[in-house]
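Q: Listed below, chain by chain, are the residues.
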Amino acid sequence: MKVLIIGATSAIAKATARNYAQQGYSLHLIARREDQLELLVSDLLVRGASKASHSVLDLNKFAQHEKILDAAFTELGGVDIALICHGSLPDQDKVEKNFKQAQKEINTNGISVISLLTELAPKFVEQQQGTIAVITSVAGDRGRQPNFVYGAAKSLVSTYLQGLRGKLLAHNVHIVDIRPGLVDSPMTAQFPKGPLWSSPERIAQKIVKSIRRGSHTVYAPGYWRVIMFIVSAIPEFVFKRLKF
Amino acid sequence: MEAMGWGRYPKTTADLIQPVDSQALQKFISSQKKSASCISRGSGRSYGDSALSAQLVSSRFLDSFLELDEQQKVLRCGAGVKLGDILKVCIPRGLFLPVLPGTKAVSLGGAIAADVHGKNHHLDGSFCAHVKQISLVLASGELVTCSERENTELFRATCGGMGLTGVIVDASLSLDSIPSSYIDQRSLVANNLRECFEHIQDNADSKYSVAWLDCLATAKNLGRSILYLGEHAPSKNRRTDTLYRERSHLGVPFSTPSFLLNKTTMSLFNTSYFGVQKRKRRSTTLGCDSYFFPLDSISNWNRLYGPNGFLQYQFVIPSEGALEGITSVLEKVSENGKGSFLTVLKKFGEANENLLSFPKSGYTLTLDFKNEPALFPLLEELDRIVLAHDGRLYLAKDARMSEEVFKASYPNWERFMSIKNKYDPNNRFASLQSNRLGLTQ
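So the sequence lines, in the order shown, correspond to chains E and U. Going by my numbering, 9 is the number at position 9 of the first sequence; the sequence numbering is gapless. Going by my numbering, 1200 is the number at position 200 of the second sequence; the sequence numbering is gapless.
It should be emphasised that the hints constitute simulated quantities derived from the structure, not laboratory data. One or more hints might be untrue.
[What the hints assert, rightly or not] With a cut-off of at most 20 Å between alpha-carbon atoms, the simulated PhoX-like pairs for lysine-lysine come out as follows:
| # | chain 1 | residue 1 | chain 2 | residue 2 |
| --- | --- | --- | --- | --- |
| 1 | U | Lys1422 | U | Lys1033 |
| 2 | E | Lys61 | E | Lys104 |
| 3 | E | Lys51 | U | Lys1422 |
| 4 | E | Lys243 | E | Lys193 |
| 5 | E | Lys193 | U | Lys1011 |
| 6 | E | Lys61 | E | Lys100 |
[Stated by the list, open to error] Partial list, derived from the structure: chain U residues whose beta carbon lies under 7 Å from chain E:
| # | residue |
| --- | --- |
| 7 | Gln1018 |
| 8 | Val1020 |
| 9 | Ile1091 |
| 10 | Leu1378 |
| 11 | Tyr1410 |
Given the structure is predicted, the values throughout are model-derived calculations rather than measurements. By construction, the Cβ of each residue, glycine as well, lies at the ideal position given by its N, Cα and C atoms.
Just chain U, same shape as in the assembly (with noise of 0.2 Å):
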């Protein structure tokens, strides 16, 4: 079958094996010759190649509950439960998941295995903060668990390990309470991207923190941004506090021609969104759908970005140094006539001790590129900007960063590879990112 990240690009072709149990993945892993390798795959949410390989394995069917305890608010299941069916099962409960990312689309495996963040990592750090323990069939077929007290080492690189340590069965992991399923939203204007860091520090308290960014905005206007800040709503002590609806559908059927995302619509997009929001009202009551999904509302909508697919990047830079670097990379961006419909802007809290996680101390700017030809040599140039700023790029969007980028920026790589090469010597478990990078191969 054809195989592809969630942006569409690089398309390569696969075998898809869906082993519907532990026991049947375990045959398959040591069913294997000497030379195959895979790669496990769940919702395919990943942006690049973090999840193609000749091999997917697939979590598809490895998506059952095993244990949910109210009272120590812990639930246990397996890899390919998505995020979204998690909430399902916690809202009507009044628990809730601590992390969530942009989409709930995504299964409980990927989230571990990209380490993934959402609008509360300043205060709550990443996912895998969360995840008590993982169970996995590594490449000898064996199935073991691992948490920050047993196999320590292979939990530190499983979590946000991209897949490379094993696949992930099921893991347990710690929920949060709520007082209701709403979201109490404010939303902040900033002028310029120096206005918009004063508003995420002042706001350093707020539970979920999150800025879109007018990303063709220049001179004294770059960096424009509305910051969204919310707060879990109190609860009105009604049955409809931990209702869960979700939002209904819309659907891109196909690829959409890709001149129509061009800089003019995407000018008109971006001024447009920032002057209807600008107007809005300061503060308001979402679902929480609405408040963290928004994109979910239409599926497919990486197919807007036409047949070639598109890029998203992601970086981080320390603080210090953030507002040079991000003003660089946007003076940079719209230098080389290009735009982004999503630009986001979030401020992360520490490091955790995983060694490939993306999250460092700093903040992050989000990008979505049409991808065309011309688009290549600029992002080598962001790269070079985020190098010289002590940053890095999220290996969970990346299609395209070099060894040299990818080591130079990822200071533990070593570490991990030590440990990669004690658990699976033969690179059973290799993507084209990580053949890319110099992890396998």
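Just chain E, with the same shape it has in the complex (with noise of 0.2 Å):
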């Protein structure tokens, strides 16, 4: 199998990366840091990659998708899974009242990610098969005080795979929307944890498994599902007085 992995120095996709090298999937990763590339593409050779290989690129540069992207393609000879990772956790006081950081932000984890998938979806369709999966977020299920700036560029994403999934299916090409809550990380590095965090390790478990199965929505860890359908099922004139 041939994975290629954008935002792959994020810890979800690094999670993700080594899962598919121990299975020795071909990979191919692009992010911004080159030195931590360097060390991942090193890291999963060892863990059992038949081939790992990487490009370097800001996302935010929107006008270098399509070379980069074709670059992927050529490098791995197709592409079964396109994982795309990448993202930023903005602080919601300062992006509210910066429009210029606000715009970065939801470039980062919105915008940024439809410029790859229209990229990439006429890439999958020509091969008629494989799988795109993105990490959203359970954020972007409700736009709440703490988070909404982050939470409306996810949301952007999710309702984007959902009309994508519909166009695609005809060509055997499959949308997975993954959704984790929260996740001990670097990124999450200044929160305090408690039991609902969860390891990226354990993420990227359940990421693999959904893309094998073909899942559309997938919440990680599951229990994520219920939590957010609570959330949402609370009534507006509730809701707005809440601040978590």
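Mind assembling these two chains? They're in different frames, but the hints should get you there.
A: Printed below as a string of structure tokens:
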């Protein structure tokens, strides 16, 4: 199997890449930091990847998406699984007062993914097979006060994926929307952790399983489906007063 | 956050720092105030307070494999890589770690810092005997490498040095070849301690050797035990030869009430375990997980000792006085109405040159005790017996040894201090343990 991972140095992406490497898959990684990519490539090779390569890109440079994806498809000789993982967690108080920063965050977490999907879709249609999996977030299920800029960007992607899923159905291309809950990773280092937090490895296992099974919308771990069902069911006149 | 060792005693609050790479780690160390101190922490598998401090530098994200040379059988990887992950990578290639402690959850950095030992210490020495090179970040923020040839004294102080010389970033180590991932196990029954010693002596060339002891047996049964001997099983020329099957886990989701562990339940367990094992088949083939890591199959087994945790007491006594010393210890334990679920006896080979490494030629006994106030005076008495027989305690298990006992039993502590002072004059690296033992502060 050939796997393309975008935003490959995020904790969840790394754990997923390692899982695939252990199964002997070929991987191509795209991320911004070259030193970390090089480290991950050698890690994956030792863990058993049949091939591992990388290219460096700041994913907010949309104009270069086409070129870098072309190169990735050539490098791997087609892609069976494309996994989009990049993202950033903004400070809500700052971004809601500063549009420039909000725009940057929405670009990172939302628009850049749409751009990648726009490029990826025809490539997968041409192959007439494959899976595109995107990591969104439970934050996209409802706009909550502490992180609605991040949540809005993620829900933009989730909504887009729902439509794309139907479009690509006839072409044997599958779309998976992965919505992790609270993940104990470098991105969330500043938060105190509790029992609802899970490790990137656990999320990775869920990702691998749901891609293999061809799931549609996946909450990781599964109990987040229940939590978000309840959160979504709260009437707006109550919800607007909640600060969580 | 609340921090504790595997024994869940003592507990403290600490800030957790999780650098994502060596640059981030260097930046953190360099930005520290002169008075601030920290200690590195891997999987948190040392039992006592050796990985506790107000600031814990976690190796969690320093978990990359860097290079595997299958011809030379050398692996280089990050300090946060767990030994279990190394096995996952090695076994399918017919390679194996030359030394394995009782749990595969230990990180590479932790294994080096505690210079851990395994069931083959009598033949292959401790973990650091197979470590070729270490990269670590010093108190100055500088990233240096050390080995037997390069920065030798730093290497000798870092191997077994409980993280007090710096934060280990990565290391390279040599691996062994194995014919298969299975272990042929033989077990021998010993009706008392002397018999157990004889069995151990008679089988000194056995690759792996460790005895389980019924610590509640007294009088003529004192030290009755089962000696488990192991060899790597020969290859059957099948694909399954180098298959690594991880055992599924049972878990202990919360601390069980500690009254469940009392003399009656312990005696029941020990007697029935001995009775069952005595009747079992004498030789059998096991997967390497079941042989090396029986306790890993119950995750968080440390919670069984209740909310106050437990203390593991491991000492070594040179062979001459071992029979007498261990007998006195076991007698003292049962005199005090205490007991241990798992009591393990093993013979060590020669000591190495690392300054604070625990193993030295002789016999080592490990006992688990539920944490309770009455335990501490007993352990002090045991300390006196151990010292009187020229023995010492394992720092990775210790949570309460006094400075005097430590300094009397680790004769190289002064040399260690002079090296530590050279590389870390302001005691930037300090743990609750090192403060207690008079190595820092």
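Q: Decide, hint by hint, whether the structure agrees.
A: The hints, checked one at a time:
{"no.": "1", "hint": "Lys1422/U / Lys1033/U", "in the structure": "holds, 19 Å"}
{"no.": "2", "hint": "Lys61/E / Lys104/E", "in the structure": "holds, 11 Å"}
{"no.": "3", "hint": "Lys51/E / Lys1422/U", "in the structure": "violated, 45 Å"}
{"no.": "4", "hint": "Lys243/E / Lys193/E", "in the structure": "holds, 19 Å"}
{"no.": "5", "hint": "Lys193/E / Lys1011/U", "in the structure": "holds, 17 Å"}
{"no.": "6", "hint": "Lys61/E / Lys100/E", "in the structure": "holds, 16 Å"}
{"no.": "7", "hint": "Gln1018", "in the structure": "holds, 6 Å"}
{"no.": "8", "hint": "Val1020", "in the structure": "holds, 5 Å"}
{"no.": "9", "hint": "Ile1091", "in the structure": "violated, 11 Å"}
{"no.": "10", "hint": "Leu1378", "in the structure": "violated, 36 Å"}
{"no.": "11", "hint": "Tyr1410", "in the structure": "violated, 37 Å"}
Hint compliance for this structure: hints 3, 9, 10 and 11 are not met, and every other hint is.
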